[in-house]
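Based on these hints, arrange chain B on the given structure of chain A.
Keeping their order, the protein sequence lines are chains A and B.
Under the numbering used here, the residue at position 592 of the first sequence is numbered 623, and the numbers go up by one with no gaps.
Under the numbering used here, the residue at position 217 of the second sequence is numbered 228, and the numbers go up by one with no gaps.
Source of the hints: derived by calculation from the structure; they are not laboratory data.
One or more hints might be untrue.
[Stated by the list, open to error] Below, in silico cross-link-like pairs of lysine-lysine (DSS-like), each with a Cα-Cα straight-line distance of 27 angstroms or less:
| id | chain 1 | residue 1 | chain 2 | residue 2 |
| --- | --- | --- | --- | --- |
| 1 | A | Lys233 | B | Lys291 |
| 2 | B | Lys56 | A | Lys92 |
| 3 | B | Lys291 | A | Lys659 |
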Amino acid sequence: MTVESKKYKWVGTSPVRPDGNDKVTGRAKFGADLMLPGMLTGKVLRSPHAHANIKSIDTSKAEALPGVKAVITSADVAELESEWVPAGELQLNFRDLAHNIMANGKALYDGHAVAAVAATSAAIADAALDLIKVDYEVLPHVIDVEEAMEADAPVLHADMFTDGVTPKPTKASNIFKEVDIAVGDVEAGFAKADLVVERSFKTAPVHQAYLEPHAAVASFSEDGQAELWCCTQGHFVVRAYCAKLLGMDIADLRVTASEIGGGFGGKTTVYLEPVALMLSRKAGKPVRAVMTRDEVFRASGPTSGAASWVKVGVTNDGTIVAGEAILKYQAGAFAGSPIQPGCMCAFAPYDIENVKVKGYDVVTNRSKVAAYRAPGAPISEHAVESVIDEIAKKLGMDPIELREKNAAREGTNAAYGPKFGVIGFADTLAAAKAHPHYSAPLGPNQGRGVASGFWFNIGGSSSATVNVNEDGTLALATGSPDIGGSRASMAIMAAETLGIEVTDVRPIVADTASLGYTFLTGGSRVTFATGMAVIEASKKIALELRERAAKTWDISVDAVIWEDGLAKPAGANAGDFEPLTLADLAAKANQTGGPISSAASLNAEGAGPGFGTHICDVEVDPETGAVKVLRYTAVQDCGQAIHKAYVEGQIQGGAAQGIGWALNEEYIYDEKGRLDNASFLDYRIPVASDLPMIDTVIVEVANPTHPYGVRGVGEVPIIPPMATVANAIDSAIGIRLTELPMSPPRVLAALDNGS
Amino acid sequence: MNALTYESPGSLDEAVKLLAAAKGNAKVLAGGTDLLVQLRMGMIKPAMIIDIKKIPELTAINEENGGYRVGASVSGAVLGEHDGMKAAWPGVVEAFELIGSTQIQGRASMGGNLCNGSPAADAVPAMIAADAVCTIAGPNGRREAKVEDIVTGPGQTSLANGEIVVDFLFPARPARSGDAYLRFIPRTEMDIAVVGAGISLTLDDAGVCTDARVALGAVAPTQLLLQDGAAALIGSKLDGAAMEKLDAAARAACRPITDKRGTIEYRIKVAGVLARRAAKIAQQRAEG
Numbered sequence: 032m033t034v035e036s037k038k039y040k041w042v043g044t045s046p047v048r049p050d051g052n053d054k055v056t057g058r059a060k061f062g063a064d065l066m067l068p069g070m071l072t073g074k075v076l077r078s079p080h081a082h083a084n085i086k087s088i089d090t091s092k093a094e095a096l097p098g099v100k101a102v103i104t105s106a107d108v109a110e111l112e113s114e115w116v117p118a119g120e121l122q123l124n125f126r127d128l129a130h131n132i133m134a135n136g137k138a139l140y141d142g143h144a145v146a147a148v149a150a151t152s153a154a155i156a157d158a159a160l161d162l163i164k165v166d167y168e169v170l171p172h173v174i175d176v177e178e179a180m181e182a183d184a185p186v187l188h189a190d191m192f193t194d195g196v197t198p199k200p201t202k203a204s205n206i207f208k209e210v211d212i213a214v215g216d217v218e219a220g221f222a223k224a225d226l227v228v229e230r231s232f233k234t235a236p237v238h239q240a241y242l243e244p245h246a247a248v249a250s251f252s253e254d255g256q257a258e259l260w261c262c263t264q265g266h267f268v269v270r271a272y273c274a275k276l277l278g279m280d281i282a283d284l285r286v287t288a289s290e291i292g293g294g295f296g297g298k299t300t301v302y303l304e305p306v307a308l309m310l311s312r313k314a315g316k317p318v319r320a321v322m323t324r325d326e327v328f329r330a331s332g333p334t335s336g337a338a339s340w341v342k343v344g345v346t347n348d349g350t351i352v353a354g355e356a357i358l359k360y361q362a363g364a365f366a367g368s369p370i371q372p373g374c375m376c377a378f379a380p381y382d383i384e385n386v387k388v389k390g391y392d393v394v395t396n397r398s399k400v401a402a403y404r405a406p407g408a409p410i411s412e413h414a415v416e417s418v419i420d421e422i423a424k425k426l427g428m429d430p431i432e433l434r435e436k437n438a439a440r441e442g443t444n445a446a447y448g449p450k451f452g453v454i455g456f457a458d459t460l461a462a463a464k465a466h467p468h469y470s471a472p473l474g475p476n477q478g479r480g481v482a483s484g485f486w487f488n489i490g491g492s493s494s495a496t497v498n499v500n501e502d503g504t505l506a507l508a509t510g511s512p513d514i515g516g517s518r519a520s521m522a523i524m525a526a527e528t529l530g531i532e533v534t535d536v537r538p539i540v541a542d543t544a545s546l547g548y549t550f551l552t553g554g555s556r557v558t559f560a561t562g563m564a565v566i567e568a569s570k571k572i573a574l575e576l577r578e579r580a581a582k583t584w585d586i587s588v589d590a591v592i593w594e595d596g597l598a599k600p601a602g603a604n605a606g607d608f609e610p611l612t613l614a615d616l617a618a619k620a621n622q623t624g625g626p627i628s629s630a631a632s633l634n635a636e637g638a639g640p641g642f643g644t645h646i647c648d649v650e651v652d653p654e655t656g657a658v659k660v661l662r663y664t665a666v667q668d669c670g671q672a673i674h675k676a677y678v679e680g681q682i683q684g685g686a687a688q689g690i691g692w693a694l695n696e697e698y699i700y701d702e703k704g705r706l707d708n709a710s711f712l713d714y715r716i717p718v719a720s721d722l723p724m725i726d727t728v729i730v731e732v733a734n735p736t737h738p739y740g741v742r743g744v745g746e747v748p749i750i751p752p753m754a755t756v757a758n759a760i761d762s763a764i765g766i767r768l769t770e771l772p773m774s775p776p777r778v779l780a781a782l783d784n785g786s
Numbered sequence: 012m013n014a015l016t017y018e019s020p021g022s023l024d025e026a027v028k029l030l031a032a033a034k035g036n037a038k039v040l041a042g043g044t045d046l047l048v049q050l051r052m053g054m055i056k057p058a059m060i061i062d063i064k065k066i067p068e069l070t071a072i073n074e075e076n077g078g079y080r081v082g083a084s085v086s087g088a089v090l091g092e093h094d095g096m097k098a099a100w101p102g103v104v105e106a107f108e109l110i111g112s113t114q115i116q117g118r119a120s121m122g123g124n125l126c127n128g129s130p131a132a133d134a135v136p137a138m139i140a141a142d143a144v145c146t147i148a149g150p151n152g153r154r155e156a157k158v159e160d161i162v163t164g165p166g167q168t169s170l171a172n173g174e175i176v177v178d179f180l181f182p183a184r185p186a187r188s189g190d191a192y193l194r195f196i197p198r199t200e201m202d203i204a205v206v207g208a209g210i211s212l213t214l215d216d217a218g219v220c221t222d223a224r225v226a227l228g229a230v231a232p233t234q235l236l237l238q239d240g241a242a243a244l245i246g247s248k249l250d251g252a253a254m255e256k257l258d259a260a261a262r263a264a265c266r267p268i269t270d271k272r273g274t275i276e277y278r279i280k281v282a283g284v285l286a287r288r289a290a291k292i293a294q295q296r297a298e299g
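Bound-form chain A, shown alone (with noise of 0.2 angstroms):
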């Protein structure tokens, strides 16, 4: 089912980015481009230590230095109670949130913040941080998420008694919950099964790696107001955490987004904005902030490393009777892994009747999981997909055909629970298969792999506002920071409500004072959600529009039509009056009622699930275990798109981003539980060259509860690429990889050893 496209003026082209210009220019304002009078640089100080008690802070010499402002510790940061609060797909807790943005007696990993200086010039700010004196005593450490699970672990939090077990555990661990999911009866199934695949995995932690770093500009004001400028992917949610970080009114606070580098999931929670506004409030001054790109590697969420089992049995006709699967993700240095969406997720693309996922949530010696582009899902998503390659090639069908036999539909129960509404899964099957890609002949040492992923997306609040200029332009506003290309997507929006011009439309992302409460950039919300109150807020506008005309032509509102961009009389009856354009009407609002604007503000709900089916062809240099992505197909069921070329890169980003993560990129740690790679050197992403052009396919099966059909895109491209990539090596070498990165030694290694 493809929607109608033709209909449209505007949604589905690929108009001239808003926010283009200034990103080749260099003009745009990022995180670390604003500049105050009298402005101060603050700095952080870090603990080299994986895991130590804090004996002692000596700042004395540093606040003593010529230059220096202000010096801060956890002894300047409130402690909070520990609360759960929802952010994004993900649960957050104040308590540790504090704990995290300065080590509060205890540093839990290698570049956990144990101070911060604020000074007159970056070199007495570093020559302040040498000054501080920590007395540490350095504490047994553990990365690997198994290690941390096993009784005789050092043991992060005395506190952490593992919840979801019943009885409560007496006995600390880093096990902070268990998470379980089940229907049907798994064992029931595997009796019934004719073929039964079970298999180890293990992915490592991989960095969001935007490339802008975090940055923030914070000003505090005598009377107790404060502004702040900073890149986030949610300018509104940075404002509730630092008012409750620094104990301010809501009111009191101000936040700006930036222009944003990237974020894909790691900016939506804060490090240096508490810290900046703390150390403002205490000198007096603005302060700038600004990670080094080691510091981002150090400090700022990665997503988990893990380890998981999947089993999953078949019938002989390919029928899935039951799957199962353990899940263990690391957290980090505080709770909150995003085991919950990884187990959620793991059987969700397909239709089985017995399903039982265990989830472990595993605290360990190093920086706090962020968001990353569908969270927890790709990493359970790859074993099971991996798993079902697997299967298809013992059965002897092919792995579009088994997906194609067990796919979710509209209808099927998902094993996490509700039923599937309109979902595209299918269709993403049935065009991969059609593409010329999937039959292209294979070279030697080549192989082709396959792979599905399925995310959720969500909806939640929005808000936006429409200001009909005096000459007829727009000015739109959303709290949305445009990380994705969303005000191009809410431009077309709008105009294609209106029925104007793209190009009348200004989109602007607004600070936090000037429209209505916008959640966070993620979860694939914002084309969804934000847009949803952007043709909410337009239609307001053309029903004001409507009203201007009937006040013009004296006539009823109701015989009024707004049609193509203009007002017209509804049909003969209603009169014989020119049409008026937007311009028209904008030049007489002050007599007709005064100034055009409308605002929306809404909870979305009825987001649409994706899913997407990958096709990935490699070639492996079987002397030195070098794996060449040759081609890349991206097949996805985006509802329906808004900016195409927007939606493309959004395919085509996830995409490399999953290709990374299988081939090249984790995080390496030292004897000493340091990590080893905290820079681009070293931390692997894939550069231009490494990947083909991704060639993608969107699929438009459209979201029913949207106006114009969308179901969000930005996640679900991240999910396949593992396993594609995966099953295209075990196609090209006949040996399964059940450990992320499949990096060279790797695979020479898996080569030598035949297995």
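Below, chain B without anything else, positioned relative to chain A:
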């Protein structure tokens, strides 16, 4: 706060004087692609930076007795457009051009690549295979040294206080000669060699190898010049047996470490593979 002085002398004598007077507290800046990174990371805290790019002979490429003398500060971008060097020493040029990005290539120098002392420096195995000789200027005048005698360990060189590498002489080549450099990196660019192999050889009219030099990078504290590797090639037509001998010689010479960029086992194995592959490319180039 420690002050950092920047000097950009116009003559080598002046540069040597400044460097000698600084008694180890100065750093020589050519392209700066390693130096500036080290400064920013706080790995070094020199009192003075001596920029040598304004010294004419350090940025010149001159033909000399059929060979080429290349200034130590010549950038990768400049060398990569030099037809004479590309024809005579394609392996050296390709090795140098592998360093960094397009932007880095506009700055990076072979002198810096050598004097930084990294065992993984890409230009160095190729220069060693080419039997390049460097001119060194110091407080006591000028001297010459083979490239393989400069690096003594990671970050360490045999240069004395006040000494600056001025240029490299790539000698004239007999007919039917070729060279090649290959490195292994997990990506396709923007990376540090896990293993590097540079080979230069000469063939007679019958295709028999009459002369060869084999060098490896990133598999020991310094680049290695492999006598056994050369012996494996000389007298052969680079047939299967010779390739196996070369592979074995390369593996035997390796003294690598396991680090974030590769394991001992992996480096040893790939060193043999790259040596064979580089030898075959050099052979094709020699055959024209």
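To see whether the hints hold, each was checked on the structure:
1. For the suggested pair A/Lys233 and B/Lys291, the alpha carbons sit about 39 angstroms apart, so the restraint of at most 27 angstroms is broken.
2. Proposed proximity of B/Lys56 and A/Lys92 is supported: the alpha carbons are some 22 angstroms apart, at most 27 angstroms.
3. Restraint check: the Cα-Cα separation between B/Lys291 and A/Lys659 comes to about 22 angstroms, which is no more than 27 angstroms; the hinted pair holds.
In summary, the one numbered hint that this structure violates is 1.
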